[in-house]
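As they're listed, the protein sequences go chains A and B.
First residue of the first sequence: 1, per our numbering; consecutive thereafter.
First residue of the second sequence: 1, per our numbering; consecutive thereafter.
No wet-lab data here; the hints were simulated from the structure.
Some clues are possibly wrong.
One copy or any two copies: either way a pair holds, since identical chains are not told apart in the list.
[Stated by the list, open to error] Derived DSBU-like pairs (lysine-lysine); straight-line CA-CA distance at most 35 Å: (1) Lys205 / Lys421; (2) Lys96 / Lys205; (3) Lys95 / Lys267; (4) Lys267 / Lys96; (5) Lys95 / Lys205; (6) Lys267 / Lys205; (7) Lys95 / Lys134; (8) Lys205 / Lys437; (9) Lys95 / Lys133; (10) Lys96 / Lys134; (11) Lys437 / Lys96; (12) Lys437 / Lys421; (13) Lys133 / Lys96; (14) Lys95 / Lys437.
2 protein chains.
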Amino acid sequence: MQEFSGTITEFRAFDVRFPTSRSLDGSDAMNPDPDYSAAYVVLGTDRGDGLEGHGLTFTIGRGTEIVVAALNALEPYVVGTSIASFAEAPGELYKKLTWDSQLRWLGPEKGVIHLATAALVNALWDLYAKLEKKPLWQVLAELSPQQIVDMVDFRYLTDALSAEEARRALDRLVPTRAARTAEIVANGYPAYTTSVGWLGYSDEKISRLCRESLAQGFTRFKIKVGLDLPDDLRRATLVRELIGPNAALMLDANQRWDVAQAIEWVKALSVTRPLWIEEPTSPDDILGHARIARALEPLGIGVATGEHGANRVLFKQLLQARAIDFCQIDFCRLAGVNEVVAVLLLAAHYGVPVCPHAGGVGLCEYVQHASLFDYIAVSGSLERRSIEFVDHLHEHFLDPCVIENGNYRAPFAAGSSIQMKAESLRDHLYPSGAVWKSGGTA
Amino acid sequence: MQEFSGTITEFRAFDVRFPTSRSLDGSDAMNPDPDYSAAYVVLGTDRGDGLEGHGLTFTIGRGTEIVVAALNALEPYVVGTSIASFAEAPGELYKKLTWDSQLRWLGPEKGVIHLATAALVNALWDLYAKLEKKPLWQVLAELSPQQIVDMVDFRYLTDALSAEEARRALDRLVPTRAARTAEIVANGYPAYTTSVGWLGYSDEKISRLCRESLAQGFTRFKIKVGLDLPDDLRRATLVRELIGPNAALMLDANQRWDVAQAIEWVKALSVTRPLWIEEPTSPDDILGHARIARALEPLGIGVATGEHGANRVLFKQLLQARAIDFCQIDFCRLAGVNEVVAVLLLAAHYGVPVCPHAGGVGLCEYVQHASLFDYIAVSGSLERRSIEFVDHLHEHFLDPCVIENGNYRAPFAAGSSIQMKAESLRDHLYPSGAVWKSGGTA
Chain A
1 MQEFSGTITE FRAFDVRFPT SRSLDGSDAM NPDPDYSAAY VVLGTDRGDG
51 LEGHGLTFTI GRGTEIVVAA LNALEPYVVG TSIASFAEAP GELYKKLTWD
101 SQLRWLGPEK GVIHLATAAL VNALWDLYAK LEKKPLWQVL AELSPQQIVD
151 MVDFRYLTDA LSAEEARRAL DRLVPTRAAR TAEIVANGYP AYTTSVGWLG
201 YSDEKISRLC RESLAQGFTR FKIKVGLDLP DDLRRATLVR ELIGPNAALM
251 LDANQRWDVA QAIEWVKALS VTRPLWIEEP TSPDDILGHA RIARALEPLG
301 IGVATGEHGA NRVLFKQLLQ ARAIDFCQID FCRLAGVNEV VAVLLLAAHY
351 GVPVCPHAGG VGLCEYVQHA SLFDYIAVSG SLERRSIEFV DHLHEHFLDP
401 CVIENGNYRA PFAAGSSIQM KAESLRDHLY PSGAVWKSGG TA
Chain B
1 MQEFSGTITE FRAFDVRFPT SRSLDGSDAM NPDPDYSAAY VVLGTDRGDG
51 LEGHGLTFTI GRGTEIVVAA LNALEPYVVG TSIASFAEAP GELYKKLTWD
101 SQLRWLGPEK GVIHLATAAL VNALWDLYAK LEKKPLWQVL AELSPQQIVD
151 MVDFRYLTDA LSAEEARRAL DRLVPTRAAR TAEIVANGYP AYTTSVGWLG
201 YSDEKISRLC RESLAQGFTR FKIKVGLDLP DDLRRATLVR ELIGPNAALM
251 LDANQRWDVA QAIEWVKALS VTRPLWIEEP TSPDDILGHA RIARALEPLG
301 IGVATGEHGA NRVLFKQLLQ ARAIDFCQID FCRLAGVNEV VAVLLLAAHY
351 GVPVCPHAGG VGLCEYVQHA SLFDYIAVSG SLERRSIEFV DHLHEHFLDP
401 CVIENGNYRA PFAAGSSIQM KAESLRDHLY PSGAVWKSGG TA
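Model the full structure from these sequences, guided by the hints.
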């Protein structure tokens, strides 16, 4: 990586909330009333070029202020740090953040402190990519296998994958990186849409949204399930009829069930031929997901989870236990770019496709960088892979994601696509922003 | 439970820190410089009797303010709640706290938000026990099996243990509760000491502390390992020689190793005949602990973990996978009394002894209530069971735990033994308290 001059001298953390609970967008079996929000951090430098690193962690309303408090607790680790020291060893700064001997007690490596670490780590990468004047995915895809491996904390992973094994796997894909880059820039990365089937939508609305999505070129559709079986069966059947036999239908239960109930419920929905059941039970239940996966294997239904996957140790086990058929990383639940890369390496090692969690606010912007990098440098494959897409709140970003014919178009602005427009940030500050003063509900 | 009048009207959360990093007490392979701390909450009522519910979550310095922020986010769930509604259904209020649809995103059920929930749930139980004028263990031990089961959130547990199975197991012990109560009050509950072997202690200090502990009646001793194998072997051998062949020696690695390294390291220490290896690797690694347990089984060395066990779903799996031989619940890492009871039920179901994590500040005071309740009503056994004891900071509590002849004496003051002396609370407030103004290091 390049050695830019300058030191991080400014650190500002914000509580930003969007009053999405005023509509039913984003409602599912566990989250009836989310206000899509972000703990947002801005890093400034003494370089005088005005470039800033922006990072956020997606939250859903109340409690965002707790993540902001955690961000402020991490400030001493970055203010005063030279950009060169980050560029020289991004894995070292990341490990300092996750291994602070006192803050670690609050996780370790999970929950609020990990969410805050994600926003901060991602802000560092955003700053660095802006300095290189490249999109984040390209910065990552140009790293050497050794540099990629050095980003990762292999502690607790070595019974599944060593740094040396990971490096060798990355080595094998280096000669073909350029071809895949050209191809994915030309064609885009496959997306699936979750916009059609939130709980609470009428059948009419579902039908209209399905037709619109088909017209836009989508071939993969996800709906929410888990509150009421007859209702789920009716809606899943409706969507299957609308999208036809060859399109992919995914079901998302948002952790609604116990293990036995999950198996029974999904079997009852199997007539609609879903590709996967997502979050059938507790995100922490590796053995439970494995049992569900074994029961659904004969039906050709895969198990997907990960948006609440706390850290790389959980993903390691989900993969070791063959508990998931689709690995759904989250760019802010994991501790940012470095830990996302760890899970990409693990998933590739086990041959499990990564289909990132997106939606909310900023997640679509973020995860396209992970999937592009995964395709070019880590897995080398698009098979059974797609990125979630939800058409929410993109208008607040300077470099919003772009969907063309059902694919994410590769972003080319410098950075990680996560910088919010100044006026959006200002108006949605909680509780002082204009949107909240005029009658928000959070 | 009794229906007391009154409503919770006051909620105060504090950041309390003790400058323990000024000495090396409490140092281990992962925590070189803890400042034992607490996010502390006080609940007041409109009853006019001056009774308060006190609760705390143990932390180790930096970041305590984040847990206080999380406590404040939970305030709306308790202020305005009637004591009668808690007493009527303590499981319902607990579930409201852990299932807030927006705050849940920050865990779910893990990390900062869960630590804060623990302090608050425990404060509610402290208040209730004070109203009954009984120690918490006695309040719990007088509940009916159905009331105990109703405290617990069985969601995600039913593939291992249903409410009905748990109730039947509790039923069987009801007739003999009184006999066990009389016995444990007369004799106390076995303790083990961790005071002898913190990293950084000289051999001379270890020898002196071992002799003192033996003289005090201790027969179980734990030392910290994991930084340097030759040093560990020397210290473990020294302690084994000092305590004799029949005393129990436990080793604690505080998450220092990867799986293969843990197996290799502990095999090298097996000549000192340890009873268990504690926290050999990541607290999240169920499959890793299972592999370590299988490897050490032939050597007669058990695996212990749990002080960083995020929630009941993790413990369920550790038990299902036979990954632990000793279950180390933490009274504040789990979401307080209700989730502690869930894990006690699971451990009894799998026949695994519970040996709670203690030390720090307040944990010894807390966990004695869990173990007494476990013996009287849940497991009915003392076999292979003991409570950790560390002689730190007890002087700050109104009702400090008491060790007699190597056993915890059953506490009899009303409540959960966790109320700090007013002057201790005042002097250790961070950063405004006298102790910190005069030159603390946190």
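Structure-based check of all given hints:
no.	hint	in the structure
1	Lys205 / Lys421	within (31 Å within a copy, 61 Å between copies)
2	Lys96 / Lys205	between (49 Å within a copy, 32 Å between copies)
3	Lys95 / Lys267	between (43 Å within a copy, 29 Å between copies)
4	Lys267 / Lys96	between (46 Å within a copy, 31 Å between copies)
5	Lys95 / Lys205	between (47 Å within a copy, 34 Å between copies)
6	Lys267 / Lys205	within (26 Å within a copy, 63 Å between copies)
7	Lys95 / Lys134	within (25 Å within a copy, 47 Å between copies)
8	Lys205 / Lys437	within (31 Å within a copy, 62 Å between copies)
9	Lys95 / Lys133	within (26 Å within a copy, 49 Å between copies)
10	Lys96 / Lys134	within (26 Å within a copy, 46 Å between copies)
11	Lys437 / Lys96	between (39 Å within a copy, 28 Å between copies)
12	Lys437 / Lys421	within (19 Å within a copy, 42 Å between copies)
13	Lys133 / Lys96	within (27 Å within a copy, 48 Å between copies)
14	Lys95 / Lys437	between (40 Å within a copy, 32 Å between copies)
Every hint, counting from the list given before, is met by this structure.
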